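Using the hints provided, position chain B relative to the given structure of chain A.
Those protein sequences? They're chains A and B, same order as listed.
My numbering puts the first residue of the first sequence at 82, with every later residue one more than the last.
My numbering puts the first residue of the second sequence at 82, with every later residue one more than the last.
Possibly wrong hints are sitting among the right ones.
The calculated DSSO-like cross-link candidates involving lysine-lysine, where the alpha carbons are at most 30 Å apart (straight line), are [claimed, not checked]: (1) A:Lys-136 with B:Lys-227; (2) B:Lys-121 with B:Lys-147; (3) B:Lys-169 with B:Lys-147; (4) B:Lys-265 with B:Lys-288; (5) B:Lys-181 with A:Lys-121; (6) A:Lys-136 with A:Lys-238; (7) A:Lys-265 with A:Lys-114; (8) A:Lys-169 with B:Lys-181; (9) A:Lys-147 with A:Lys-136; (10) A:Lys-136 with B:Lys-121; (11) A:Lys-147 with B:Lys-114; (12) A:Lys-136 with B:Lys-147; (13) B:Lys-115 with A:Lys-115; (14) B:Lys-114 with A:Lys-136; (15) B:Lys-121 with A:Lys-181; (16) A:Lys-147 with B:Lys-121; (17) A:Lys-136 with A:Lys-115; (18) A:Lys-147 with B:Lys-115.
Quick look at which bits of chain B chain A covers, simulated, 3 or more residues with Cβ under 8 Å [unchecked claim]: (19) 98 to 110; (20) 138 to 149; (21) 181 to 191; (22) 213 to 219; (23) 232 to 245; (24) 292 to 304.
The hints are simulated quantities; they were obtained by calculation from the structure and are not laboratory data.
This one's a predicted model, so the numbers in the text were calculated from it and none came from an experiment.
We put the CB at the ideal spot given by N, CA and C, even for glycine.
There are 2 protein chains.
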Amino acid sequence: MNEIERVAREIAQSPEDLIFIHGAGSYGHAPAKKYGLPGKFDPIGLRNTHACVAKLNSLVVDALAKAGANPMPVHPLSSMILQSGRIKDFFVEPIAEMVKRGLMPVLHGDVALDISQGAGIVSGDQLVSYLARALNAGVIAVGTDKDGVIFEGAPLKEITRERLPELGSALGGSTAVDVTGGMKGKLLELLELADTGSNSIIFNASKEGLIARALKGELVGTLVRT
Amino acid sequence: MNEIERVAREIAQSPEDLIFIHGAGSYGHAPAKKYGLPGKFDPIGLRNTHACVAKLNSLVVDALAKAGANPMPVHPLSSMILQSGRIKDFFVEPIAEMVKRGLMPVLHGDVALDISQGAGIVSGDQLVSYLARALNAGVIAVGTDKDGVIFEGAPLKEITRERLPELGSALGGSTAVDVTGGMKGKLLELLELADTGSNSIIFNASKEGLIARALKGELVGTLVRT
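In isolation and in its complexed conformation, chain A is listed as follows (with noise of 0.2 Å):
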């Protein structure tokens, strides 16, 4: 069994109600650095990068369905615009309709038009933040391959914006190629998302069994919290 369809597993156990997000991995950092993208605008990279991470997404979609979930694809680039890198407007109701019938929306980190520099990229964790507040969740979980925000060789218990200035550099990317930003961008998307009274967590997804613990709420990471 590869990741894709472990993931998918402890996923498809957990409770309803459930929004999956997934970021762009190897299959959308690689060309988005390729084409020069965000920055660039290049309507061959900006189609190649889409058709990668909605390659991924479909690899994902069939994998939840394989272990008994009943997951719908929404990407980004059809239901959102940017402006200067940031969500602008954000088409939602479609992924809210798909909660309530009991549907399991599973979205992606993509590219997506941008009012004022042509195109972007908007990561996974950038969809956390904004749908987490726009749809009022109760759990927030960003799993990674770390065991949470890693200070000094182990995982913080727990973090707040005041103590990120102190952590400084040691802060660095979650994965070999990220062109969005790695621990330290997911850190700052959910610190966002604190501010605005919502907690969430960090922690390892790739340890079998913390997925379902994390959705249930247990603190098996790092707690961002206001």
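Relative to chain A, chain B alone:
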């Protein structure tokens, strides 16, 4: 060269500021019928039907790109909500922004969430009518495999709402399997558009050269007018 490639080549040679909408074709109508859509709310049927039309969309997008256009896929499932089978809300900003940036949005007949009946089908024809109005289209050309609206063996030069009862049952389907109404469905959508002051034509896209002429506004089929 297959038909998709030929159509793509004709489209790619046409003026800019073009939105391309294709139907679900055999890719969508067959699974929709199999799963009892619209009418039956079946998560597996929705997902599989969407996957089939998304596959057709990606073939069309690839063919357009190969022909030299700058196509970008847009999926109605991600960007609209239906009510009783009609478009209730449709987030058209990404489509407008694509056109503004020299990209060609490529949409397709799709399944979509429906606030009154769970889920439904939005035909390419309904998309044409809605988008032409929302984005104030200059030329609206609907390609079929017939020379227009056929009545008593010949294509009508023009048609208005007043003549509809007289034509009656002469309006059959334009293809073998079509869950969204065939030629009559097209005509009803375009008459609704005509009611708002926008004329359109129904023409034969299977005849080489007619797409380019239709997109220039030539009356190469049946004019559907106010």
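Review point. Which of the listed hints are not met by the structure?
Key: 1, 2, 3, 6, 13, 19, 22, 23 and 24
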